[in-house]
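Peer 1: Sequence:
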Amino acid sequence: MDTFGNSAARMRLAGRAVVFGCALLALAACRPDAEVAAEHEARAMAFLEEGDGPRARVEFMNALNRQPNRVEARLGLAKLLRDSGDRTGAYAHYKRVLDQVPDHLPSLLALSEIAMLDRNWDAAGLYVSRAATLAGGDPQVSARQAVLDYAEAAKAEDAAGRDDARARLMALRGEATEFLPLHHVLVDGFMRDGDPEAALGAVDIALTEVPRDQYLHTARLQLLYELERTEEIAPQFARMIEIFPESLPLRQSLSDWHAGRGDLDAAEAALREMTDPPTTEAQMALVRFLVARRGADVALQELEGLVGSDESSGSYRLLRAAIRYDAGDAEAAIADVREAVRLIRENGGDATEAHFLLAQMLDGSNLRTEAEAALRSLLTDRPRHVPAAQLLASWLMERGQPEPALRLLNVAQTADPDNPQTLNLLARALSATGSRELARQTQARAFEASGYLPEQAQYYALLLAEAGNTRAAVEVLTTALQRAPGSEVLLVTLGDHYRISGEWDDAAAIEARLEALGTPAARLAAERIRFDRMAAESDIALALDYLEQGAGQGGSAAATYASIARANLASGRTDRARQVLDRGLARYPEDRDLRAAAAAVALAMQDPEKAAGLYAGLVAEAPGLERVWIELFRLRQRQGDAAAAGRVLDAALKANPGSDLLLWEAALHHQGQGEADRAIATYEVLLSRHPQSAPVRNNLASLLSTRGDGRDDLDRAEEVAAPLAGSPVPQFLDTYGWIQFRRDAFEPAAAALREAARGLPNDPAVQFHAAEALAAIGRNAEARTAYAAVLRLAGADTPLGTQAQARLDAVPAGPGAGN
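So for the sequence shown, the numbering used here puts the first residue at 144; every next one is plus one.
Treat each hint with caution, since some may be false.
What follows is a list of derived Cβ distance ranges for each label pair [as the list claims (entries may be wrong)]: (1) 272 to 627: 37 to 43 angstroms; (2) 611 to 269: 35 to 41 angstroms; (3) 663 to 684: 25 to 31 angstroms; (4) 262 to 381: 26 to 32 angstroms; (5) 598 to 955: 53 to 59 angstroms.
Hints in this document: simulated from the structure, not taken from any laboratory. What you are looking at is a predicted structure, and each value in this text was computed from that prediction instead of being measured. Heads up, the beta-carbon is just placed ideally off N, CA and C, and yes, glycines get one too.
Sequences and hints are given; from them, build the entire structure.
Peer 2: In structure tokens, the structure reads:
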């Protein structure tokens, strides 16, 4: 019993102890939030006095967690964030204080300063206006109003307004010493006035008050450069690096400065002296320096020590791949990128850009099929990756497949609706699929989104001109020229338009601007305008006399004659072109450009033998003139002399064995002469060099599919023609569809050949192909219509007509014919 009694007593005591302990805990838990928050705030202030900002920040946050409306704690945290450079965080906390205390002047002043430093002048103006209603005469408020006035005057290019605002700020400098925008404005004002010495003095005064402001330090460095105080530049860099030791851009600027003085060792050391261990970004900056200054071998050696198994290995491999690729080692570069993709994925990173680089490298190595597979894989994971969609779409359009390109570009546009390149590609794809009006509307958007860039203006103007809206095309070019007044391509295009249309006042204005531009192409364009203007306003003799008196001096006189002659020939003024050439050849009888232009004029004047003689003489002197060889070849073709044309081609290719232009002409010639084997061999060479060329694929596949009944030829034809599927070009669809038909793939054959027949309604062979495919899938009514079209187009007495009649008789008509 005693034992039991003692145990019970002990249990009662233990119970009371537990209850007492719980009571104590409850009492602690029930302490007022304000009391606990005050303790956290006091600890935060103590940490601030010790210079321990991170711990002070934690304590301020603890205080606000317990008492969110504690103004002093929030102000302390806001100031801490502001002093540490986190202006965004500070801004949010000052705004929270203002929500609690709308007339809190210190917060209004702080918010206005942060807004000014971020160039958010509208917000700054609102805060300054509210502060002025509370303390209009306060120097801090007056200083802020003066900064706003300076910014407005600077925007309006009001020099008097800027000077007035600066004078007020100078008077307030002693009373608003820590107000950064005041110092920035004073420095900016002296720099705008072209007084770097005064600006440097203002910077030095400001740095005594705000010694850690990066803008002021950077301005000081720029002013030392401008004043050529070279001996002070290195100490300024040292001072900045001491304040901002982890700034990579600063280290790179110091490196560039040393390199510019020829001290590569110091330049390299500046990049190596980063934090220990250096960051990936710092290491990569060093390697890039080594590539540029020491050579690829040294950079690659540096990378060998960095390419390991850590998380940055993928980045280093990508950089190594880029260096190897630029050095010509594409195979090793591609292997590096593949490995980088694997490592980045293993480490949970985003390998998208590495995959995109891989596609670009593969394409640059003539591995377009693999490159396309890489892009498609990328887009499967990231369908809204705009550069990948743009690149793949451009490849599809190159080979005549704008419809799948459109699908890609529509997705890309949802990701970035106003991307000028996407819009430009969309316009081209829409134009290729026949949507001309929509193409013009889309190109108009591309033109606007690009900021009226010349290259966008050129294509937009072309679309408008094709639609017959020449005046709108000129307005587009003129608008673009206002934004890019020195654009040679815009000036030349506009100048030629005004010259051809005879708008001589506008032409003269463009002529003067081209002359001032001074490039060879601009001078030639100016001479063309001047000559035609003089010929129109006076007479041809005066214009020719002008040329005689020294047009195009400085070694380009012969080019001026040739340019003017060709321009007049192109606009149908053949006689004027001949007169210009006669004068030009009288002065420069050996000039090849003039002689080539003379041959073109002879052809226009129905004198082919004279033209042939001129072309032959030119290629005898300069066998590398591919275009002249082609002109001579085509001339012989037009004369109906196939043998002579063939001899010209043979000689041209012997002189220029690597010419793609001549190979293309040779392939077409052999094809036209029924020399299928020679044509196929030539097309195969061209396809190996240009695997993306849809015309080469089409012609080669067509020849292969008709050379005979060999299965190997038909297999190769299908392989070559595969990328033509879905093309809007009816000739390409006919080739693709007929190959499918020959392989008994009747459904895809019929789909392609029916579209081809719609696009080429007057081609009896295409209509026959469509009829055959439609009959094979039981669409008898459509097949009979197509056979009838063959008879109408080819005639019943031709071999094709006879075959079509026999097939028409064999295809049943009747109730089921529409299936």
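Peer 1: So does residue 262 sit 26 to 32 angstroms from residue 381, Cβ to Cβ?
Peer 2: holds (30 angstroms)
Peer 1: Using the Cβ atoms, figure out if residue 598 sits within 53 to 59 angstroms of residue 955.
Peer 2: The hint (53 to 59 angstroms, Cβ to Cβ) holds, given that residue 598 and residue 955 are roughly 58 angstroms apart.
Peer 1: Using the Cβ atoms, figure out if residue 663 sits within 25 to 31 angstroms of residue 684.
Peer 2: Distance hint for residue 663, residue 684 holds at roughly 27 angstroms.
Peer 1: So does residue 272 sit 37 to 43 angstroms from residue 627, Cβ to Cβ?
Peer 2: Cβ of residue 272 to Cβ of residue 627: about 40 angstroms, so the range 37 to 43 angstroms holds.
Peer 1: Is 35 to 41 angstroms right for how far apart the beta carbons of residue 611 and residue 269 are?
Peer 2: With Cβ atoms ~52 angstroms apart, the hint is violated.
The structure fails to meet hint 2 from the earlier list, while all remaining hints are met.
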